[in-house]
Structures are given as C-alpha cells and as structure tokens.
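J.: Going down the list, the sequences are from chains A and B.
Under the working numbering, residues 1106 to 1429 are what the first sequence spells out, in order.
Under the working numbering, residues 1106 to 1429 are what the second sequence spells out, in order.
One should not assume that every hint holds.
Across the chosen pairs, the derived CB separations fall in these ranges [to be verified]:
#  : chain 1 : residue 1 : chain 2 : residue 2 : range
1  : B       : Pro1399   : A       : Thr1123   : 18 to 26 Å
2  : B       : Gln1132   : A       : Lys1137   : 51 to 59 Å
3  : A       : Gln1406   : B       : Gln1162   : 45 to 53 Å
4  : B       : Gln1132   : A       : Asn1124   : 51 to 59 Å
5  : B       : Asn1124   : A       : Arg1133   : 55 to 63 Å
6  : B       : Gly1403   : A       : Asn1124   : 30 to 38 Å
7  : B       : Lys1148   : A       : Lys1404   : 30 to 38 Å
8  : B       : Asp1413   : A       : Lys1404   : 31 to 39 Å
9  : B       : Glu1327   : A       : Leu1332   : 54 to 62 Å
10 : A       : Lys1155   : B       : Gly1403   : 34 to 42 Å
11 : B       : Pro1206   : A       : Lys1213   : 55 to 63 Å
The hints are simulated quantities; they were obtained by calculation from the structure and are not laboratory data.
Source: prediction; values computed, not measured.
Ideal Cβ positions, reconstructed from N, Cα and C, are used throughout, including at glycine.
Number of protein chains: 2
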Amino acid sequence: MVVNQQKPYVIGLDLGGTNSVFGIVDQRGEIKVTTAIKTQGHKTVEDYVKASVEALQPIIDHVGGIEYIKAMGIGAPNANFYKGTIEYAPNLAWAHDCIVPLAEMFSKELGIPVALTNDANAAAIGEMTYGVARGMKNFIMLTLGTGVGSGVVVNGQLVYGCDGFAGELGHVIMRRENGRSCGCGRRGCLEAYCSATGVARTAREMLETTDRPSLLRELKPEDITSLEVSIAAGKGDELAKEVYEFTGNMLGEACADFTAFSSPEAFVFFGGMAKAGDLIMEPIKRSYDKNVLPIFKGKAQFLISSLDGASAAVLGASAIGWDI
Amino acid sequence: MVVNQQKPYVIGLDLGGTNSVFGIVDQRGEIKVTTAIKTQGHKTVEDYVKASVEALQPIIDHVGGIEYIKAMGIGAPNANFYKGTIEYAPNLAWAHDCIVPLAEMFSKELGIPVALTNDANAAAIGEMTYGVARGMKNFIMLTLGTGVGSGVVVNGQLVYGCDGFAGELGHVIMRRENGRSCGCGRRGCLEAYCSATGVARTAREMLETTDRPSLLRELKPEDITSLEVSIAAGKGDELAKEVYEFTGNMLGEACADFTAFSSPEAFVFFGGMAKAGDLIMEPIKRSYDKNVLPIFKGKAQFLISSLDGASAAVLGASAIGWDI
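Between the sequences and the hints, there should be enough to build the whole structure, so can you do that?
T.: What follows is the structure in structure tokens.
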C-alpha cells in the first residue's frame, strides 16, 4: 500500500442492487464521511454517474476538495477488474444487457484514477488492507450472504485470472449426484447449500421430509430465513442446530479442497451467516480437520471478518483505490 | 526470466525414486550435456550429495567450468520450495524419516545458488520457461502419471501457498459418496480415478462388474495398465474407449472447478496419460464445456505439454534456476 501524503483519502463506492453507498476513507480505514443514492431509477448509466457525482460533491468538499483524494474504488456485481467494466449485470437496469465502462466514466467526471472489482474481491482487499488479514500474503475470503462470494489472495495479490472473473468459489460443485439447482443454471454448487438462502432451504427441506419437532414449525415455510434458523438454534432447537451442522460440514469439505489449491494461511468469513459465530464456525473447523489432506492439517486459521458489516463494503471498495 | 550473459547455463536435477538425472541447460531450453546416478544405495544424504557432485564435475567442466553456471534447480518429491528441504519422502531412503536441507547442501558443495521444488511444480515452470505455456501468466499444469500432480501459475508466479505445498489438485475430492480409496488415506480423490493407475483400476472394475466383451480380457487383470487400455481403445475396443471417456469426463469436471478458482488461460497436460492424445483430451474438453460456469465458457485452452517426455523433468528442474 503506497500512501500519498498529499492525498490522504480514497473514495469507496459500494454499488449494490438497491443502494449506492459512497464513503471517503483515510489510510487507517476510518470512514470520514458518507453519502448514498438509489442505484436504480436512472434511465441510463450517464444519468447514474451524473447523480453520483452530484451526491459526491458535498462530501468531497467536506474533506478539502478533490485534490485531497488519491483515487476511487468501486465494488460492484459482474465487475471486470481488468477492463473497469460492469458486464451484463442481471440486477442493474442500466447494465443488464450491455458492457458499461464505469471506471472510465467516473474517472473522466472526477479527474482521479478509478478501479472497479466485484464485491467479494473488494471485501478481500478490504480485509487485507484494514482487517484481520492485514499482512497476510495467502488467504481466502468467503462471503456468506444471499449468495456465496469469494476473493482469493495469493502472494499478496488478488487472483483475477485470465479474464478478471476468477474467484467464483460459490460455484464449485459439492454434490454431483442429485445436486440442488443453483441460480447459475447448474446443479450442486456450494452456493445452493451454504448461502443464507441455502440454509433456509435446508431448514425447509428438513421440516418437510421429517416430522421432527422444531421451533421453526411456528413459522410459515416462506418466512424461514438463516437468521430465524440461527435464533432457533440459539434456543437449543435440535433441528435448527442440525441445519448449521450440515452447512458447516459442507463448508469444511469445500475449504479442504480450496487448500489443495492455494494452501492459505487463513479462511476469513464475512456476511450475514458469519454472524452466527461458533454455530457455523465450529462445524466448519471440525469438518475441515476431518477432510483436509494430512500435510495441510492445522496450518490454516478460521477467522471472522473484523470489519463492521455496515461499512465493510465501502471500506473494501475504497481499499482498491490505494493500489491504483 | 533474468539471464546473466556471463553465466549462460543452469543445472537441472530430476530427483526420482530410482534415478537422479542431471542436465546442464542453456537459455533456450537446450540440454547441452547430461549425467545420472542412482538415487538409492547411499547410506546418508551426505553420501548422495557427494556422489552427485562427483558425477557433475565432468559435465560442468564440459561447458567450461562452474563459473559458467548461474544456479541449480532440483525437482524432487516432498520438496519444500520455501525451505529448500525434502521432508519425509516415503520413497527416499535417506529422507523418509527426516527433513533434509538438500538445496543448502548442494549450494555449499558447488558454490552456486540452489532451489528446490516438487516435480509437478518444476514441470509447470519448465512449461512456462521453455514450453507451450511460454508467456502465459495464468495456467494450470496437470501431470497424469502414477499419481496426479499439479502446478498452478497465477499472475506469472507459481502458487506455493503459506507452507510451500500448495497445488495438490490430485487430492481434491471428486466423489464424496462411496469414493475410491486413495494413497493419501482419504477417499474419492481425483488421483484415485484419473492417474494412470486409476485408469487401470477403472478398466478392471468395468471388466469385473460386467460381462461385456473386450480385448482387455485377454490380459490378466494385474497386467492391465493405462497404456494397454489406450492401445485397446485405439483398436476400437468399446469398453476401453469408455474407460477414457469416464476418465476425461471427471478431469473435465475437475478443471471446471479449478477455473472457478483461478480462471486460467490454459490447462496443460503432461505425463504418460497425456500421450493418449485425443482419446483423453476430447472427453476432457466436452465435459469441461458442459460443467464450467457460463461466464468462463470458451476461455481456457486445453494443451498437451510440448516438452520431450524424457528430458522434461530435467528441463523443468533447471527452469527454477533462472529465477533464483
């Protein structure tokens, strides 16, 4: 991380399907000031960038003006780091059927360098720059949210691969026979089981296929979420505990395979599911120890992100600004 | 690759369970002269190094003396690149129950820098330095021999991980239910199916569990090898062809998962099995296209090593010498 003393800040943009949250961040990862706009409701990407720059102006002025800002980093879905583009993002009206050169557009408007990467990669860089992975050269970040995202760091660098899209560990196949259908159109992906939606699905399946008692039976099946399952487990509900046991077991199996690839010094977990703490981390560690190749045993740490959930995405996005 | 004009050669040592083959190699990957000793039959590692240096002396003199040699690279089993050690190698009498600082020992005797890596990693570096992966920054090398070895290159660097042992792709789990037992003590590993011994095992299983006709029935089960299976397939034997179809299908599934990790521009296949050519490569490609996440489709090439089998291991070992 090279920090320019003359330019002590970077802008981070967490570009989500609903909201776009901007923050101006200093070298220690402190968010000095934030603002936000709706991501949708703009006819074109030009309108979106214009609305963004208008919202940014007051917070840029607040820290002394654009001359104090080194660069901008964007975390966004379907982002191509190499090209600075968003490509065919199904959830973004102004980018769902085209390739949008978003980094270049912001750079032109603001007059500073802009880089863009996907949200899970941004989270990994954020963790390496400001969080529990500070100083680590080899680690894997897994974000357990609506989906399962990942960012892989090897030799201190994020792995982007030949096309900028590497690190899709949510889509390795964990069940080749009768695997669950996944949003990607295939079957048996890690994400179909170990995302927050996967956990709710596991709970519903267990409730449907058995008549075991459970606090979760008080809810309508469609109201069951991973949070409800963790609350029930916290109250000692056996079925709910088994859902987390199943999920952690599969994550441990997956991590054991990932270790055969890059032998990381740590796995860092982030996202709603990671908040379940030991409930998910204990079965992950147990399963990992059981499944990993003997020479790797005991080498990797299992950590929960230390970044504050609300600001982590903005911090992660901002972190890529330091390295441009 | 930084080449010192004053020192135009490197020494490569392919340290195998039976033979230790030395070669002196120039910058274009031409082996100028070779020699060999038996790996076994030395009481201690000191005796092994002494015998090696004695065998090396005449070929070093042949190229003009040690002052023309930049460094030495060693490809060996159970090698730790970071430490320059061989650790608990089951097939090496002088290193099976201890950690041997082999790089340091050779360096002291010869007065040049020495680096050491495992054979599959050496093959990947050899391919990147002299072979079909020349100029590539992201590729995965799979060696299909007695086992399945691998070397992963990301951002132009070999992936060693936190401990020097990364890239054990032969030991990702491909069958979690009723998987075949593997030499590593676990079940369902890629290596248990897609190594040369795995192919022979698949053939024997198909012969035992069906009464389908096959040329392979003329052999004793224990005499069936992957080579015999490829010869039978070449003659149109349906069962033998199905063995390769099954093997290629699983390799394609595995490569699809590897792509989710590092999105390589190519997979390079090396070793006895790769010599089966289209017989193995066609089902690999077909299965890969069927299994890979849509965004990666059509991006990776599937290549067979261009290095001559007999000298590839020495070349690969020598290649790590240029970068010390």
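J.: The structure should be examined with respect to each hint, and the outcome stated for every one.
T.: Okay, the hints, checked on the actual structure:
no.: 1; hint: B:Pro1399 to A:Thr1123: 18 to 26 Å; result: holds, 25 Å
no.: 2; hint: B:Gln1132 to A:Lys1137: 51 to 59 Å; result: holds, 53 Å
no.: 3; hint: A:Gln1406 to B:Gln1162: 45 to 53 Å; result: holds, 48 Å
no.: 4; hint: B:Gln1132 to A:Asn1124: 51 to 59 Å; result: holds, 56 Å
no.: 5; hint: B:Asn1124 to A:Arg1133: 55 to 63 Å; result: holds, 57 Å
no.: 6; hint: B:Gly1403 to A:Asn1124: 30 to 38 Å; result: holds, 35 Å
no.: 7; hint: B:Lys1148 to A:Lys1404: 30 to 38 Å; result: holds, 33 Å
no.: 8; hint: B:Asp1413 to A:Lys1404: 31 to 39 Å; result: holds, 37 Å
no.: 9; hint: B:Glu1327 to A:Leu1332: 54 to 62 Å; result: holds, 58 Å
no.: 10; hint: A:Lys1155 to B:Gly1403: 34 to 42 Å; result: holds, 36 Å
no.: 11; hint: B:Pro1206 to A:Lys1213: 55 to 63 Å; result: holds, 56 Å
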